[in-house]
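Asker: In the order they appear, the protein sequences are chains R and L. Read in order, the letters of the first sequence correspond to residues 1 to 415 in the numbering used here. Read in order, the letters of the second sequence correspond to residues 1 to 415 in the numbering used here.
Since the hints were made in silico from the structure, they are not lab data. There's no promise every hint is true.
Any copy, or any two copies together, can satisfy a pair, since identical chains are not distinguished.
[Said to hold, decoys possible] Derived lysine-lysine pairs resembling BS3-like cross-links, with alpha carbons at most 30 Å apart: (1) K126 <-> K156; (2) K176 <-> K225; (3) K156 <-> K176; (4) K38 <-> K368; (5) K307 <-> K291; (6) K223 <-> K176; (7) K408 <-> K223.
One-letter residues, chain by chain:
Number of protein chains: 2
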Amino acid sequence: MGTTVNQLTIEQQHEVKRQLAIYQEGTHDIIPSDELEKKIVNSIMENRPLKVKLGLDPSAPDVHLGHTVVLKKLKQFQDNGHTIQLLIGDFTGKIGDPTGKTVARKQLTDEQVKLNAQTYFEQFGKVIDMDKVELHYNSEWLSNLSFEEVIQLAGKITVARLMERDDFEERIALGKPISLHEFFYPLMQGYDSVVLESDIELGGTDQHFNVLMGRHFQERFGKEKQIAILMPLLEGLDGLEKMSKSKNNYIGIDEKPEDMYGKAMSIPDSLMVKYFELISDYTIEQNEAIKRDLALGELHPRDAKMKLARSIVRMYHSEELAEVAEQHFITVFQKGILPDEIPSVEWKGASDVEVLDLLVDLKLMPSKSEARKMITNGGVKVNSEKVSDFYKTVQIEDGMVVQIGKRKIVQLQYK
Amino acid sequence: MGTTVNQLTIEQQHEVKRQLAIYQEGTHDIIPSDELEKKIVNSIMENRPLKVKLGLDPSAPDVHLGHTVVLKKLKQFQDNGHTIQLLIGDFTGKIGDPTGKTVARKQLTDEQVKLNAQTYFEQFGKVIDMDKVELHYNSEWLSNLSFEEVIQLAGKITVARLMERDDFEERIALGKPISLHEFFYPLMQGYDSVVLESDIELGGTDQHFNVLMGRHFQERFGKEKQIAILMPLLEGLDGLEKMSKSKNNYIGIDEKPEDMYGKAMSIPDSLMVKYFELISDYTIEQNEAIKRDLALGELHPRDAKMKLARSIVRMYHSEELAEVAEQHFITVFQKGILPDEIPSVEWKGASDVEVLDLLVDLKLMPSKSEARKMITNGGVKVNSEKVSDFYKTVQIEDGMVVQIGKRKIVQLQYK
Chain R
1 MGTTVNQLTI
11 EQQHEVKRQL
21 AIYQEGTHDI
31 IPSDELEKKI
41 VNSIMENRPL
51 KVKLGLDPSA
61 PDVHLGHTVV
71 LKKLKQFQDN
81 GHTIQLLIGD
91 FTGKIGDPTG
101 KTVARKQLTD
111 EQVKLNAQTY
121 FEQFGKVIDM
131 DKVELHYNSE
141 WLSNLSFEEV
151 IQLAGKITVA
161 RLMERDDFEE
171 RIALGKPISL
181 HEFFYPLMQG
191 YDSVVLESDI
201 ELGGTDQHFN
211 VLMGRHFQER
221 FGKEKQIAIL
231 MPLLEGLDGL
241 EKMSKSKNNY
251 IGIDEKPEDM
261 YGKAMSIPDS
271 LMVKYFELIS
281 DYTIEQNEAI
291 KRDLALGELH
301 PRDAKMKLAR
311 SIVRMYHSEE
321 LAEVAEQHFI
331 TVFQKGILPD
341 EIPSVEWKGA
351 SDVEVLDLLV
361 DLKLMPSKSE
371 ARKMITNGGV
381 KVNSEKVSDF
391 YKTVQIEDGM
401 VVQIGKRKIV
411 QLQYK
Chain L
1 MGTTVNQLTI
11 EQQHEVKRQL
21 AIYQEGTHDI
31 IPSDELEKKI
41 VNSIMENRPL
51 KVKLGLDPSA
61 PDVHLGHTVV
71 LKKLKQFQDN
81 GHTIQLLIGD
91 FTGKIGDPTG
101 KTVARKQLTD
111 EQVKLNAQTY
121 FEQFGKVIDM
131 DKVELHYNSE
141 WLSNLSFEEV
151 IQLAGKITVA
161 RLMERDDFEE
171 RIALGKPISL
181 HEFFYPLMQG
191 YDSVVLESDI
201 ELGGTDQHFN
211 VLMGRHFQER
221 FGKEKQIAIL
231 MPLLEGLDGL
241 EKMSKSKNNY
251 IGIDEKPEDM
261 YGKAMSIPDS
271 LMVKYFELIS
281 DYTIEQNEAI
291 KRDLALGELH
301 PRDAKMKLAR
311 SIVRMYHSEE
321 LAEVAEQHFI
331 TVFQKGILPD
341 EIPSVEWKGA
351 SDVEVLDLLV
361 DLKLMPSKSE
371 ARKMITNGGV
381 KVNSEKVSDF
391 YKTVQIEDGM
401 VVQIGKRKIV
411 QLQYK
């Protein structure tokens, strides 16, 4: 505890500096910033891996690139021999997360939690080594708390402190009700860190308050306090809002190479550098080169984005599939001609069908009204010919190609 | 539920009116006032006694006249065949104050709770028929609540609603911290009423908020809502603050006849009528007569106070002991001479002793500084002679009388 960096060998001092630089890279905030070095020093002196916690909400287990910002940070700790603590908030999942959400989440059953956790782990395995990870479910300790213990816990925090959380403060200002149970979400997250004795907790910037709760409660329970490492939030494909499944502006890490590549190509140019830094497999130096070349006009933004797209596919699939996805993209979207392989769909409907019904039946569009909009926007082609009249009746032919926008294409099998 | 007073027989209607008048007498507030009649009507129609709850804090079981204000109200319900629910808040008592800040809320063991409850019951037996009372300990249900159930409970109330409680509101305004666990005391009190299905809860005006919690939670749990009957708080002997043991301004119902009488004589004249109304055995009509006679100058305030003092002793001892206490008071305090029987104390100390040491050694005063104040105030006499010098050395003699104020007197045995 009283160790200082001066008590280390020169070699160890270099190691501290090396790790520190890696962990600091790309972070939005480290709180308190000076304690991270001490943690690393102690870990080296005591030959003890740091415990680095990430809490997971089991209600939405589809992992997208937004999540990989923290996963990549976790991987850096893992690569240096530290221990990742994945905490599945299964108990918490029964309450829902009031953070920035207006609609309360529905309760999950034990089976759903287990299934969702499994889904997480399979996807996380693409970034971190799941064999070396500590897995925890907070229902293990939270569901056994008695009312008396809950009151002891509640006695360690003030109402005023809880009301400082941005969304609570905002709701109070607007006169919107806060249900008392909502105060327990940050308490639980904090208590999890007490039980897990975490040294560091990772989170997005929206987790600022909750992550600091861990520090608060560890101190009140007489434990060593964790450090908060807050990562920037990744905007989604729309370039506006935080990437999330509900906003449909995400790239899932389980998506097909072609879809990943195509979606990556659709991000606004303004986000490109941030994506390179936060979610690509590029090193700091490589990113610096990209930035410089873009600034000097030596790299065309489209070409830079193709590098980014290729990096993303390579990370979650392989270099080979990244190459294929790139070729596919070039063929279909850049040259404007149909690719060799178009998925074919058997058509079992009538031979004459209204175009709106056709698009919905083929599941190319979710509804007729959406299909109508797409036609109005000029996004629907049948046999490479744009459809402009949404009352049009299509005569189905075998081999007919139906295309929506740039990437949804099917070829009909019809006899 | 849909019953109205019109569906009752004339006799029953009279009975409703009779009970209503009794219950309303002396109350500070009935919330909501119109529902009490409905409760009485239903009780008569369904031939079902009302459940009338009183919550008790097991940490301070000395019953004083302040408590008898609600006890007398409970007795009225009992006399009309309704059921008294005495709720011992032992769960709260066993938790104590998790912040350890309030001395009053130290943790109680099971044995202490049982002992304290027993002490309550013995004293309550002087006012109500304890054989007909329902006894409940809230640890029975509260200690079995799981964290999940606590959260469900917390989900039924908003933070804003809790912050409306006067003392919380005040502390927030002053920037004084409120520990989150404090929000749970009103929750628990409310939940007790859900479990007990109380029709009415009694309390002092300081229980306004907490008693209404019962109504709130009963509604949220789909139960019939209780009515709050709030009784005025009785000021203590100082005429300033609420009667309480900690303020040492109380008359305990277990005190000796002489002490009770003497203390009752010390209340300010301004409180006399309130004491008659709230804690004497006088009827409404008798109290009206006292008020009138005092106003007309036909009754001397001192004589009225003697009637009050006698009433109080009669209620908790007997008419005979009240007579004896009155004679004692007249002899000692009104005529200013020493009574026949003065407790004698064997003096084993030195023959020459400083007066401050003497008073402390005899346990007549708790400390030298208190003794000094008492001498300064002219409250110390040795052999009927006032002591004015607190450096005075007293030569002890057998039979010497030492007197503090009006009521503490000892005679020394010394050989």
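Asker: Check K307 against K291 for me: Cα-Cα at most 30 Å, and say if that holds within a copy, between copies, both or neither.
Answerer: For K307 and K291, only the intra-copy Cα distance (13 Å) is at most 30 Å; the inter-copy one is 97 Å.
Asker: Indicate which option fits the pair K126, K156 if close means a Cα-Cα distance not exceeding 30 Å: within, between, both or neither.
Answerer: neither (39 Å within a copy, 42 Å between copies)
Asker: When no copy is named, should K38 and K368 be tagged within, between, both, or neither for a Cα gap of at most 30 Å?
Answerer: Classified as neither; 60 Å inside a copy, 56 Å across copies.
Asker: My question is about K156 and K176: at a cut-off of 30 Å on alpha-carbon distance, are they close within one copy, between copies, both, or neither?
Answerer: both (26 Å within a copy, 15 Å between copies)
Asker: When no copy is specified for K223 and K176, does a C-alpha distance of 30 Å or less occur within a copy, between copies, both, or neither?
Answerer: Result: close only across copies, 26 Å inter versus 36 Å intra.
Asker: Cα distance capped at 30 Å. Does K408 pair with K223 within a copy, between copies, both, or neither?
Answerer: For K408 and K223, neither the intra-copy (55 Å) nor the inter-copy (55 Å) Cα distance is at most 30 Å.
Asker: When Cα atoms must be at most 30 Å apart, do K176 and K225 count as within-copy, between-copy, both, or neither?
Answerer: Result: close only across copies, 26 Å inter versus 34 Å intra.
Hints 1, 4, 7, counting from the list given before, are not met by this structure.
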